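Engineer: Sequence:
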Amino acid sequence: MQKPGMVPPPPGEEGQTVILPPGWQSYLSPQGRRYYVNTTTNVNGYHTSGTPAHPPETAHMSVRKSTGDSQNLGSSSPGKKQSKENTITINCVTFPHPDTMPEQQLLKPTEWSYCDYFWADKKDPQGNGTVAGFELLLQKQLKGKQMQKEMSEFIRERIKIEEEYAKNLAKLSQNSLAAQEEGSLGEAWAQVKKSLADESEVHLKFSAKLHSEVEKPLMNFRENFKKDMKKCDHHIADLRKQLASRYAAVEKARKALTERQRDLEMKTQQLEIKLSNKTEEDIKKARRKSTQAGDDLMRCVDLYNQAQSKWFEEMVTTTLELERLEVERVEMIRQHLCQYTQLRHETDMFNQSTVEPVDQLLRKVDPAKDRELWVREHKTGNIRPVDMEI
Numbered sequence: 190m191q192k193p194g195m196v197p198p199p200p201g202e203e204g205q206t207v208i209l210p211p212g213w214q215s216y217l218s219p220q221g222r223r224y225y226v227n228t229t230t231n232v233n234g235y236h237t238s239g240t241p242a243h244p245p246e247t248a249h250m251s252v253r254k255s256t257g258d259s260q261n262l263g264s265s266s267p268g269k270k271q272s273k274e275n276t277i278t279i280n281c282v283t284f285p286h287p288d289t290m291p292e293q294q295l296l297k298p299t300e301w302s303y304c305d306y307f308w309a310d311k312k313d314p315q316g317n318g319t320v321a322g323f324e325l326l327l328q329k330q331l332k333g334k335q336m337q338k339e340m341s342e343f344i345r346e347r348i349k350i351e352e353e354y355a356k357n358l359a360k361l362s363q364n365s366l367a368a369q370e371e372g373s374l375g376e377a378w379a380q381v382k383k384s385l386a387d388e389s390e391v392h393l394k395f396s397a398k399l400h401s402e403v404e405k406p407l408m409n410f411r412e413n414f415k416k417d418m419k420k421c422d423h424h425i426a427d428l429r430k431q432l433a434s435r436y437a438a439v440e441k442a443r444k445a446l447t448e449r450q451r452d453l454e455m456k457t458q459q460l461e462i463k464l465s466n467k468t469e470e471d472i473k474k475a476r477r478k479s480t481q482a483g484d485d486l487m488r489c490v491d492l493y494n495q496a497q498s499k500w501f502e503e504m505v506t507t508t509l510e511l512e513r514l515e516v517e518r519v520e521m522i523r524q525h526l527c528q529y530t531q532l533r534h535e536t537d538m539f540n541q542s543t544v545e546p547v548d549q550l551l552r553k554v555d556p557a558k559d560r561e562l563w564v565r566e567h568k569t570g571n572i573r574p575v576d577m578e579i
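For the sequence shown, the positions run 190 to 579 when my numbering is used.
In short, the hints are calculated from the structure, not lab data.
A couple of the hints might just be wrong.
Stated by the list, open to error - When the alpha-carbon atoms are kept at most 30 Å apart in a straight line, the in silico DSSO-like pairs for lysine-lysine are as follows:
(1) K297 <-> K419
(2) K420 <-> K349
(3) K338 <-> K416
(4) K360 <-> K338
(5) K499 <-> K383
(6) K382 <-> K398
(7) K349 <-> K398
(8) K334 <-> K405
(9) K311 <-> K419
(10) K332 <-> K311
(11) K312 <-> K416
(12) K334 <-> K398
(13) K444 <-> K312
(14) K338 <-> K312
(15) K356 <-> K398
(16) K420 <-> K311
Here the structure is a predicted model, which means the values were calculated and not measured.
Please work from the sequences and hints to get the whole structure.
Structural biologist: Written out as structure tokens, the structure reads:
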């Protein structure tokens, strides 16, 4: 689906080179006016004449200028840029008709950016209604929050396993089985048991680092993420409600104008064929009412276009912000999972170091030496019995 009011650069701007400071991007509003977004601060605003070499960078850019262009819904005013036949309105949002503008310019042509693909509503697969494109983005963010929560819970379970494993290793290291083994083999066996105690310490440290360097940051980041989503949700929802209200006012004014025009036409015809006693004063009164109804329609259209223009601005700014948050979320999780694998590699290395003394002692095990030591300590004599003589 097309984005609302996105048009090629206005006449006179095609050949101009736009030089923007770092962090600024240039877009077009629904009325075809140049619009800037600072992707660092998310400040946005219009300029009114020509294409400047640099967009304003002061704080007053956050005050958005309303526009009086009555192009989106169409009106009876001369010089309007689009007619109602050239637009299509879906859920109170006006889009250029696909037949008049089949290929719109993307805000970010080289990227699959959120700001280009979520302007229209999507049919709800669970029912007959529709889901706003922005709502799909929020659902994506909320799903990401849930995935992040589940990842932190996964790490929490991993920590419990490590703690329980360390506890069992420490307990086993105190076991007295085979404690009476002697000699060089006895020394190696004692080192085997000690290595369990050392390994227990390694796993305890691993679990503590998992908590402080992986699990806790995931949980903290998720809470901040939730607050950011609430701000975006309420703000865009309020703008859509305002847009729907302004659209309803336009339709009401359009209907009133039609009735006034029909009444004026009927009275004029009756006067011309002398079927009525209506005077010129009655005709003037009907004409004034018709003109007033037309003015009311134009005012309502202007208010609607202002609301849609503001919604467009906030959609661009907010979708870019959601995109930034998603990139930040993915990168943050990637970094902490890398930290997990790094800690795991270090744990393996330290575990290996606990068994190196065991390897060294096992290479020194000497059955002959063990036998000699044992015999020296336990010998009862080296005189063997002889046969008795007669």
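Engineer: With the threshold set at 30 Å, check whether the alpha-carbon distance from K334 to K398 stays at or below it.
Structural biologist: holds, 23 Å
Engineer: Does K349 lie within 30 Å of K420 when you go C-alpha to C-alpha?
Structural biologist: violated, 36 Å
Engineer: Given the hinted pair K334 and K405, is their alpha-carbon gap at most 30 Å?
Structural biologist: holds, 15 Å
Engineer: Do the alpha carbons of K349 and K398 lie within 30 Å of each other, as the hint requires?
Structural biologist: holds, 13 Å
Engineer: If you draw a straight line from the CA of K338 to the CA of K416, is it 30 Å or shorter?
Structural biologist: Holds. K338 to K416 sits at ~15 Å (cutoff 30 Å).
Engineer: If you draw a straight line from the CA of K499 to the CA of K383, is it 30 Å or shorter?
Structural biologist: Violated: K499 and K383 sit about 70 Å apart, past 30 Å.
Engineer: Is K360 within 30 Å of K338, Cα to Cα?
Structural biologist: violated, 33 Å
Engineer: Take the C-alpha atoms of K356 and K398, compute the straight-line distance between them, and say whether it is at most 30 Å.
Structural biologist: holds, 17 Å
Engineer: Hey, K311 versus K419, does the alpha-carbon distance stay inside 30 Å?
Structural biologist: Roughly 22 Å separates the two Cα atoms, so the pair holds.
Engineer: Given the proposed pairing of K420 with K311, does the C-alpha separation stay at or below 30 Å?
Structural biologist: Distance ~23 Å between K420 and K311 Cα, so the pair holds.
Engineer: Does K338 pair with K312 here, judged by a C-alpha cut-off of 30 Å?
Structural biologist: It holds: about 29 Å lies between the C-alpha atoms, which stays within 30 Å.
Engineer: What's the verdict on K444 and K312, does the C-alpha distance respect the 30 Å limit or exceed it?
Structural biologist: At roughly 29 Å apart (the allowed maximum being 30 Å), K312 and K444 satisfy the hint.
Of the hints listed earlier, those the structure fails to meet are numbers 2, 4 and 5, in rising order.
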